[in-house]
Amino acid sequence: MSRPSDYVDAGAPQREESPRGDITQPKLGFVGTLRFVWRQLTSMRTALLLLLLLAIAAVPGSLVPQRSSDPNGVIQYFSDNPSLAPVLDNIQMFDVYGSVWFSSIYLLLFVSLIGCVIPRTKHHFQAMRARPPRTPARLERLGVHRDITLEGGDAGTAIESAHALLKKSGYRTELYQGRNGDVSVSAERGYLRETGNLVFHSALVGMLVTVAVGGGLGYAGQRVVVEGQTFVNTLLDYNSFNPGRFFNPDTLAPYALSLDSFDVEYEQQNLEAYGQPVDFTANVTTRLPGGETEERSIKVNDPLRFEGTDVFLLGNGYAPTITVRDPDGNVVFTDSVPFLPQDANLTSLGVIKIPDGLEQQIGMIGFLYPTAYELETGAYTSTYPDLVFPVLTLNVYSGDLGINDGAPKSVYSLTIDDMTQLTGGDTGVDSIELLPGQSQDLPGGQGTITFENADPDAATTADDDVATADYADSVPRFASFDVHHDPTQGWVLTFAILILGGLLTSLFVPRRRVWIKATDTAEGTVRVEYAGLARGEDPGLAEAVDAIAYRHGTALGLPR
Amino acid sequence: MDLNELSVLSLWSAMAMYALAFIAFALDLAKRSAEVSAVGNEAASADAASVSATATSGGGIATLARADIDAPQVEPKRSAVLRVAVALTVLGFLLQLTATVTRGVAAERVPWANMYEFAMTGTLLIIAVYLAVLVRVDLRFLGTFITGLVLVLLGIAAVNFYVEVVPLPPALQSAWLIIHVFVASLATAFFALGFALSVLQLVQHRRQLIGMDLQRLKLKFLATLPSAERLENLAYRTNIVAFILWTFTLIAGAIWAERAWGRYWGWDTKEVWTFIIWVIYAGYIHARATRGWRGSRSAWLSIIGFTAVMFNFSVVNLFFKGLHAYSGL
Ligand code: HEM
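Read top to bottom, the protein sequences are chains A and B.
Under this note's numbering, the first residue of the first sequence carries the number 2, and numbering increases by one thereafter.
Under this note's numbering, the first residue of the second sequence carries the number 204, and numbering increases by one thereafter.
Derived from the structure by calculation, the hints contain no laboratory data.
Treat the hints with caution; some may be incorrect.
Unchecked claim - Straight line, CA to CA, 27 Å or less: simulated DSS-like cross-link-like pairs of lysine-lysine:
no.	chain 1	residue 1	chain 2	residue 2
1	A	Lys300	B	Lys280
2	B	Lys421	B	Lys280
3	B	Lys473	A	Lys300
Whenever a hint applies, use it, and build me the whole structure from the sequences.
What follows is the structure, encoded as structure tokens:
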């Protein structure tokens, strides 16, 4: 049942280091050395070692955060391990999968693979055109052997029907005349096994090349859109944009996308999961340059495929609308500012920067509690992610925002090095605390700040019924979208399917040789022999030979 | 009693059955050892007799002629306790099936959306695959391993991973949850079987190196098991089925990742480990076709591979940071 020994390394007979190689080694010369190295590189043993090396090399990337998948984790790692991190960084431990050492392993492996597949393909083409081999003189020596004796009839007719039977069963056949007056049919099947193997390995190469090229042709961009806002698919309108090496921004599909509304559904029946989000839906309107509009929806597992791009819903949160006025009542700032969720109940953190219009630059760090609950310490916490009793608290800083030099700064962080804290913390001044629709003075008489109620139907809430008012629509939500364009994705899938198909055929199509031999005996009977030989893993060989013998007997009219 | 309570109750009952089955399988191994001892002693006295016989008559020595090299050295006798063990395993399986189905009905979705449920469905599949294979190939000698493994995994899951039924978070609401996770569990079941066979292959190989002397054999039941070569072939066949399923898991995972996270591959920790496992088993398949790597070395790769599978399921799920934070804990 084991593979015949000739099968080990089959298809690459000249590639194993042969004893002859050792003898000629001293006088290899340059070309000889090259050939020797190539032969080593494309040997099964090297392929195996490189595969195992690849598996080992992939491990560290799961132990140490990677820049590609977890950039914040890397920053955290640097601050947690200030002495170790730079050492690891030197050996590219934070970019394992793009590192020189990881790349060299897989590139070598693929060189080996190509060097292995090409000669095997040639070999296979020849094998497919070759005639099945001569019938061995002594079939009984083969692992699987059956024989029967027919009363009457003759060897010729027996082999004729055997021939027809094997052909019908998908075997390639050849008739042979033996030396002892016997006739036989030699048959082989399962060429698809090797074909599958070659398809599999070639598709691996195809996959690698496509992924390498695909990364260069496409792009990925991120954009945060607040309800009611519109995003235009241009370079300027993205919050961040990562083009591939060969991507030309002029080819960005011209369209616009408005976030009409963002719906969230929370679990309210099951107390074990109370408040857990069960659905996010971004209702959007797409608009083409010609003016055609269409209403679509985007969900977490259901991206929008539009104009060659894929728009994914990756995150969401609240974007409170805030207005700041100077002491004369002129609006110096009004915007819906996305606040980043910090926990499951959507306590959200955001930063508001007012560079112009006031006496001094003002920065504010705000917390939004969608359903605020005051702890005994006086601090707030949020107890439910939806807007039941939203409270916005703000700590105000004044001074230099550090944005005058034009260097880009994250909109989600405030550099307070050159600023003075005016409220909260140790200042002795209470933080600003607002419900939707409320306003308050900024410290130092610099102006006023308003937490706008975004619900158009909301009446100005009187102070005494704030606790009972309906705040459901008082704060707009934002959605963060990832926009991708990868023209090679279809190819990647095609190769993946080829890989799977190649594997299936290569591992499960049995390759075997079968012989049926008939000999007229002196007694006037016919001796018919059946034999099989596995070419590769073939647990069903004996059964297959039995089945052929049985069907052949039936065809010859044996009683069943 | 609601459906989920019924599920929990059935699960504990199933574990009780597996525990009993484990004992019965172990008794069977002990019985095999006893039989082998008896045969060994008999052969020894027969040898002694034949030695004196040769001394006098110079006649041939009777050797144990074995037609089929793959057959066990000592054919085990029919065993009632073994049949009881299999029956108990089937009973345990039916109870666990009930537990899994009722959990799914209670949750109104497939019962494999958090670690407790993966463990339940995964071990159910291990038993199912084992019982299905038993119909064709007599692997009853693996019973202690299979029931033992399942018992340990289920015990850990029921005690440490149990979570109440909660609705699916939006990221898991996808048809790919059904396909991807189910096929991964099925692959794991086949890998487990392949692992067990490879371990036995190594043990059996060592025994064959030491020689066929039954009296010197320590683990006597080994003489009733198939040869190392046969075990290797069985392990290979199991592992390639698992490998195909794993390849599918990898591809389906990538398709799902594209839909849910916007990229089909991002070297997330779980993706990394799925890849590592795939590469180890690709190495295993190569090893079987590489001179000098068949036999014990390839068996070690199968063992390392399954260790990685278990690592991926436990440590990676629980302690590694990544997008696949779905243990539910
Ligand atoms: C990226 C690297 C490679 C991977 C992932 C890989 C994977 C695989 C897999 C999964 C199989 C079993 C399925 C099948 O037969 O189609 C296989 C078989 C095979 N591979 Fe590779 N391979 C790689 C590189 C190579 C190289 C470099 C060689 C040549 C030196 C090679 C030669 C073979 C041969 C001869 C078989 C048939 C073995 C058998 O039938 O058991 N492979 N490979």
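Results of checking the hints against the structure:
1. Lys300/A <-> Lys280/B: The given pair, whose Cα atoms are some 62 Å apart, is violated under the 27 Å limit.
2. Lys421/B <-> Lys280/B: Status holds; Cα separation ~20 Å.
3. Lys473/B <-> Lys300/A: 23 Å, holds
Hint compliance for this structure: hint 1 is the single one not met.
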